[in-house]
Structure formats: structure tokens, C-alpha cells
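From first to last, the protein sequence lines stand for chains H and W.
All residue numbers for the first sequence refer to our numbering, where the first residue is 3 and numbers rise by one.
All residue numbers for the second sequence refer to our numbering, where the first residue is 3 and numbers rise by one.
Heads up, a few of these hints could be off.
Keeping only pairs whose Cα atoms sit at most 20 Å apart, straight-line, the calculated SDA-like set for lysine to any residue is [to be verified]: (1) W/K99 with H/E48; (2) W/K99 with H/D49; (3) W/K99 with W/G113; (4) H/K324 with W/K23; (5) W/K99 with W/G76.
Simulated from the structure, these hints should not be mistaken for laboratory data.
Just so you know, these numbers come straight off a predicted model, no measurement behind them.
2 protein chains.
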Amino acid sequence: MTDRKFDTTCIGNAIVDVIGKATDDFLAVEGLTKSSMMLIDMERAEDLYSKMEPALEMSGGSAGNTAAGVASLGGKSAYVGKVRDDQLGAIFSHDIKAIGVSFETEKSTSGAATARSLILVTPDAHRTMNTYLGACIEIGPEDIDPDVIAGSKVTYMEGYLWDPEGGKQAFRKAAEISHAAGQQVSLTLSDPFCVDRYRAEFLEFMEHGVDILFANEDEVKSLYETDDFNTALQAVRQDVDIACLTRSEKGSVIVSNSDVYEIAAESDIDVVDTTGAGDLFAAGFLFGYTNGRSLAESGRIGSIAAAEVISHYGARPAENLKDLVERQLSAA
Amino acid sequence: MTDRKFDTTCIGNAIVDVIGKATDDFLAVEGLTKSSMMLIDMERAEDLYSKMEPALEMSGGSAGNTAAGVASLGGKSAYVGKVRDDQLGAIFSHDIKAIGVSFETEKSTSGAATARSLILVTPDAHRTMNTYLGACIEIGPEDIDPDVIAGSKVTYMEGYLWDPEGGKQAFRKAAEISHAAGQQVSLTLSDPFCVDRYRAEFLEFMEHGVDILFANEDEVKSLYETDDFNTALQAVRQDVDIACLTRSEKGSVIVSNSDVYEIAAESDIDVVDTTGAGDLFAAGFLFGYTNGRSLAESGRIGSIAAAEVISHYGARPAENLKDLVERQLSAA
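Start from the sequences and build out the full structure, keeping to the hints where you can.
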């Protein structure tokens, strides 16, 4: 019998990334909004893919990347997400287990294929994501194992999970179980357009259901419909216990009701592909937080993990993050 | 109607590479021969994959990499190889077309899945390949389009194509058409163990059927069953018009009946993954050769293309080789 105690259980859309280079002109011609995530149907996915450069495939999915990051840091993580019993599903399943994450969600055996995101990386290293949700729409509350959630210090969920209808239900069920077991619930806002789609629901859910929020600057400003980061920061600290606000090269800010910690971004990073930066920041923070580190230390681990993932293509760590963090923290 | 004239048509096993890191200990425990290619069945593929680190997927296949290289250099190339109508087949098909290669081989609609090679990259950047041939065994002479072969200055085939029975027949048919049209035939020996499997047939075929041979040091020594490179070199120049012999960091030697050219390896390369080095050398040489360059110049282009592909994971060029070669040749 496997151990059912985890630092973090991550719930999200299980996606294989299809990563290719693209020019800004290509984004313009295809009508894509740079640095955002757009949902597309199968027909559009095939059309866009046919126009894409040669690509490489790697497992992704926001919360999947976070679960992989926690495991690479030496933490115990589980993942809940839906793939089909197809070749891309086998790739997703292999990769998340191989890095040490517990992944037991039943694969769907009919219906849509495993989800993929066509990720266009422009020469400035920014990523523009076009996601076909596929089998992700099959997720539902029946995929939530109460023992796993009750045994997880933090249950972390991506805002993107609001897009498939069953995802929202799975999300609410998991949050209830987590809190009933005296554990904590964490949410990432995922994307400014995702915030646009679900602003009222996110705010309502945050009031009672979220202990730790992750958001980047655009997302938190979108949430409170303000152009001013500081206004958003003051608002969010009323709504959640801890907010982790990431600001790319300006570093990050960790806010609790009583404190504000500013964390500098790692310096001297040769940025290749920003995909996964927020996911790995969350992984680093949650690993630190669930292992007794201070908020500031946890934020620093988040910065180190994020810096690693943006230094190469793909949204999962390419080197062992435990060793990397130990080296970086001892060098300080 | 598309143009049916090509610099090079490449025929080979159509494979998606599954690339992961591994230690030398892992190779030993799994009984793998470092730097070789081993054929495995589906059961072994699943077993080995389940033990592999998280991986990335990229289109590969030796001759496929060469066709992609020729296209990236600005040449006109076509590819013949068999995939199934599954997700990996769609990936293979997309990638080779997206780089500019003509690929019209009919996909199989039943039988084995698209081929994959589990490629283990050790810390010294060497690759050890474990290939499940899958749909490749369905290739046959019916996949050879006489117009394409007759319209190709060089038809290039991988020794690996001898493994599926129909591959050998396709190979012989293509060679006959090529020569009947006054064009040239090229063969790569692929792997020393592949040479072991088919030594007599390769030698017999080379006598009448091969104008340009590619081999690395181990392969050509295996072919003539000698430990001495120079002995092999003197033997091979009797058997083919041109032999391109690659020697890793020792550079390469181009041998014709009358001349021997030594080409230095590119210097200052940070070697990450040697997969595709020979394939891209062949691409560079064939691009130069079919576009009127001298043997020595063609070899230099091969070296530049090979140096690019070993500087990153994956066996296909990550940057535009035409631009790279122009920069490197003008810098000389």
C-alpha cells in the first residue's frame, strides 16, 4: 500500500505541450494574443499545427508542472488530471510518474484525445499557448480521492480547471475535503483571460476557500480590475491568508495579512522559454512552505525553481531541483 | 502539381525519438551496449520506458534527420518512410513537412503503432538507442515512387532499412530506378551491429549499387573486419566512388578513388547529445555535393551541420542551417 501523505496535491488539466518557435508576425497573422492562453477546438488545433514549425513534445499542464517541480525538489506530491488511453496520454503518465509524482487518476477510454497545447515561443522567449482541452473535459468530482486530499498539507488547483465544467466541481469537492481535514487550499489564477472568464466565481471562492493564492502581476490586476499593482496587492491581502505575486524580472512579492516580503528575481538567467515560470515558482514556494521554511525562504526557492525552467525549452525541470536549490542557498 | 525534382531523397525507418537522461549504471543494469542501436519489441519498449527518466519527444529516424537537414540547408529533399495513422505518426509527419521536406508515403491504417526509439543520453553526451520498429515493418517496394527517385540527384538510404524485410526490397527497387535514370545512390552503414547483421549483403550491394557511402570509424572497421582504420579506408575506396568516413572529434575523411581529403571537426562545441551527428554530416555533404560544391567543401558543410545538432538535445537542426553555414563559411 502506497503512502497517502503528501506535501502537495496538484489538480489541473493534463496536457502535452507541443513547443515550436514562431515569429511575432506569425502571431499577428494568426490573430493570437501574445503571452496568453487561448482555448481552441480540434479543428483549429489541426489548422494551427499544420502551420507551425517543427516542434518538440513534452508533458506540461500548469498544475502538472508544479507537481513535477515539488517532486524534483525532494517533496512528496500527487497529481490529479485526466488523459485518454492514447499515445499522448501514455507520455503524460510516464513523465509525471518518472519524476516521482503519484498519479492515479483513471484514464478515459472513449471520447476526446489527450489534451495538447500548441506553444509558440517567440524570439523574446515569451510563450503563447493554444490549448485543445480534449480528454480534460472528462474530469469530475469522482476523480477526487478523499484520502489523498485529506492527507495533503496543501491542495493546489489551477484556475484553468474552471474551463471544463467537471473541473470546477472537482475543485470545490477537493477544497471542502481539504479544509475539513484541517489542511490548506491553494489556487493559481493561471491567466488574465482566465480571470476575465471567472472573476466573480474566483473572488467568491477565495473568500472562504483559498488559503494561499498565486498570481502574476497581470492576473492580480485583472482580478481586482485595477491598473495599479499596489492597489491589487492591498486588496488581495484582505481576501487570502498568503498571496504570492510574481512579476517576471521584477521578482516576486509574498504578502500575508501582517507582512510583505519582496524577493528579487535570480540574476544572470539566459531566458530561452518562459513556459512554466509561474508553475515552478509555485512548486518552489509550496515545497518550502510545506517543509517548514519561512515565507521569504519559500519565495526564494520559488525564484530558483522558476529561473531553472525558463533557461531551457519545456515547462518541467531539466535538472534535479533539490541539488540546484541546495547549491544556490549555500552559495548565498 | 508539385515539383518532383529533388537534390536528395532519403529512405529510412520513420521514428519518433523519446529522449531521456540516463546514467552509465542504468545502461549496465539494463544490459545495454553504449552508443549502439538495439532493436526491441513492444513489451521491452514498455518495460524500458517505465524505468526511464521523464523524456522529451522529437521526430527522428536516421534518414529522416538527413532529409530535414538538407531542407534546413536550403536544399530540396523528399523522404520515404512508414508511420501509422496515430498520434506519433501525426507528429512525425508534421515535423518533416514543416521543415520543408516532401513526405508522401501512405500511412498504415492497421497493425503496429508508429515506431519509437528510446534514446538514453549519458552525462558524456553519448546516446544509446532502443528502437521499436512498429509500423516501419510495413514499408515495401510499393512505397517507392519511380518519378521521385528518377528525379532525385541522390537517393540516400540507411542501413537500418535492412531490418524490416520490405525495407530491403524498397531499397533495391529505388537503387535500380535511380541508376536507370542516371542518378546516384548513397548508403549509410548506420551502426556497427547493423553492419554485423548484414555485412555480406552490404558488401555485395556496394559493389554495384552504391556511389556514395557514409560510415563512421566503427562501422567501416566492422564492415571490413579490421581494427585498423587505414586498412578499412583503403578497402572502401575500391568498393565505392566516394566514401565519407566520420571520426567524431577527429573530424572526417572523404575518399574517392583518386583523392583523400581530411576535414577537421568543428572546434569549441559544447556537446550535449550526439544523436544525429552522422545523419547531419550526411545532410551537409549531400547538400553541398548535389549543389556543385567540391568534396572538401561538401565535407566542411557536413561538419558544420553535425556540430549544430550535437550542441542540443534531439537529432534535427534547432536553427536554420542555411544561415549557419553561410556565417561559418564566410568567417573562415
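Do the hints match the structure? See the list:
1. Our distance criterion of 20 Å between C-alpha atoms is met by W/K99 and H/E48, whose separation comes to about 14 Å.
2. Taking the CA atoms of W/K99 and H/D49, the gap is about 14 Å. The hint holds against a cut of 20 Å.
3. Between the alpha carbons of W/K99 and W/G113 the distance comes to roughly 24 Å, so the proposed pair goes past 20 Å and is violated.
4. Our distance criterion of 20 Å between C-alpha atoms is met by H/K324 and W/K23, whose separation comes to about 17 Å.
5. In summary, the hint linking W/K99 to W/G76 is supported, as the alpha carbons are separated by about 14 Å, within the 20 Å threshold.
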